[in-house]
Amino acid sequence: MENNILFWHRRDFRLEDNHGLYKALNSDGKVVPIFIFDSTILARLKQDDQRILFIHQEIERLKKEYQNTGSDLMVYFGNPVELIPQICVEFNIQKVVVNRDYEPYALQRDTAIFELLKDKNIDFVGAKDHVVFEKQEVVKDDGKPYTVFTPYSRKWKARLTDADLVAFPSEKQLNNLKIFGEKQSLISLQELGFTDVKTVDFPGKLVNKTLVTKYSEQRDFPAITGTSRLGVHLRFGTISVRALARQAKELNETFLNELIWRDFYQMIIFHFPLSAQHSFKPTYDRIPWDNNELHFKAWCEGKTGYPLVDAGMRELNATGHMHNRVRMVVASFLTKHLLIDWRWGATYFAEKLLDFELASNAGGWQWASGSGCDAAPYFRIFNPALQLDKFDKQMVYVKRWVPEFGTNSYPQPIVEHATTTKRTIAIYKETLNA
DNA sequence: TTTTGAGTTGTTCGA
DNA sequence: GTCGAACAACTCAAA
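Residues 9 to 442 (the numbering used here) are what the first sequence spells out, left to right.
Don't read these hints as lab results, they were simulated from the structure.
Hints should not be assumed to be uniformly reliable.
[To be verified] The list that follows gives simulated cross-link-like pairs (lysine-lysine, DSSO-like), each with its CA atoms no further than 30 Å apart: (1) Lys186 / Lys72; (2) Lys360 / Lys206; (3) Lys180 / Lys206; (4) Lys54 / Lys72; (5) Lys305 / Lys398; (6) Lys136 / Lys360; (7) Lys38 / Lys163; (8) Lys54 / Lys360; (9) Lys217 / Lys54; (10) Lys217 / Lys136; (11) Lys126 / Lys148; (12) Lys289 / Lys152; (13) Lys305 / Lys401.
This one's a predicted model, so the numbers in the text were calculated from it and none came from an experiment.
Between the sequences and the hints, there should be enough to build the whole structure, so can you do that?
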């Protein structure tokens, strides 16, 4: 019986420029590609979560691409720790190849699988694909991980060569895929337990050269399409970060910096997995949050009486997306005006954002609250009115999402800017100096 | 070891 | 309207 290689797709839904797949195709044996709808992850999602639709659509697309080669993507539903060893038996697998995932849950899951396979003499091999530089590749001279972005980014850029961004030519080797006689049908959303998902248009994955070129001058204005909206594609690997970085390097330094921020937070979550749940700077976990439920509800619904904050939250609720500049404003408002725990906001974003990425989300929220590595100083508090004046002066964005603005039905501000920000600075100061 | 310079995207005040 | 300094003062990186 022939030996086969298992390639397990996780957050890399593409055939082209896929490092792990390339590695698998270069191995001795035929490659069996699989995807698993992880029942542990799916159990956390709500019935109408639109990310499941995105995943399902993209898996369907990927499956067709495999079928065009004469192969097929085998799709499973269950717990990978149980399924992978079973699949290995079914297909006589000698080696399992994956692209590495740096999140705490994924690391734990992969370690468990590694141990199970080791007992059966099956190799479990990882590849770097999700980021440009990972783990220990960009560290301080003493070998320890950076916790400040700017020196990290300097070393990242100094280390970068063309070879780091080269596309892996997996499409040329697809003849090493295992050929299946009969095509397998794809499990439906209903069978996965999702019955109420509304259809939605997801952001396109074409990289707009003009947008990247003008990114640094246009990204701050929520009324225009100045940001790429590629987050969801980077999250699930429907585009290659290397391809994007090649464009960024050529076209726009600020855009490249954003990709480095992504690498930075992936590196941070790998070295500091607790930072997804706890303040990076421990003293910040002693801040006596106000955590007013009514304030939180008003923030979630976009009814704070601060038009830029409300527009952002309503954009999020309606579309699963929020403009980057506005994300900072609403995060600063929640933590520093309402004095609500950053985890409440991070959890809400985790539920709503189509492009939700654990590492970036925790990093961003901790940046806003001041508790993170290389965060904004605690006394730096966004003024929502000034941000509106600077970045949406004509109120195009605000009127798009808050049509009743300026009428009697628009709420009065739930808190007053000057008094709440003074209170927050005093409380932070007292807590941090205690 | 000590010292020095620097730190994502800000705000406010007063000249 | 514009500009620079103060905000408060800590931690990190690197020489």
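Right, here's what the structure says about each hint:
At roughly 15 Å between alpha-carbon atoms, Lys186 and Lys72 fall within 30 Å of each other, so this suggested pair holds. About 14 Å separates the Cα atoms of Lys360 and Lys206, which keeps this hinted pair within 30 Å; it holds. Distance restraint check for Lys180 and Lys206: the Cα-Cα separation of roughly 37 Å exceeds the 30 Å cut-off, and the hinted pair is therefore not satisfied. For the proposed pair Lys54 and Lys72, the alpha carbon gap of about 28 Å is at most 30 Å, so the pair holds.
Under the criterion of a C-alpha separation no larger than 30 Å, the hint pairing Lys305 with Lys398 is consistent with the structure, at around 27 Å. In summary, the hint linking Lys136 to Lys360 is supported, as the alpha carbons are separated by about 28 Å, within the 30 Å threshold. Restraint check for Lys38 and Lys163: the C-alpha separation of about 39 Å exceeds 30 Å, so the hint is violated. Of the supplied pair hints, the one linking Lys54 and Lys360 holds, its CA atoms being roughly 10 Å apart against a limit of 30 Å.
A distance of roughly 36 Å separates the Cα atoms of Lys217 and Lys54; the hinted pair therefore is violated under the 30 Å criterion. Pair hint Lys217 plus Lys136 holds up; C-alpha atoms about 26 Å apart against a cutoff of 30 Å. Only pairs whose Cα atoms come within 30 Å are accepted, and Lys126 paired with Lys148 is rejected, the gap being roughly 33 Å. Between the alpha carbons of Lys289 and Lys152 the distance comes to roughly 17 Å, so the proposed pair stays at or under 30 Å and holds.
Distance restraint check for Lys305 and Lys401: the Cα-Cα separation of roughly 27 Å lies within the 30 Å cut-off, and the hinted pair is therefore satisfied.
The structure is inconsistent with the numbered hints 3, 7, 9 and 11, although it conforms to all the rest.
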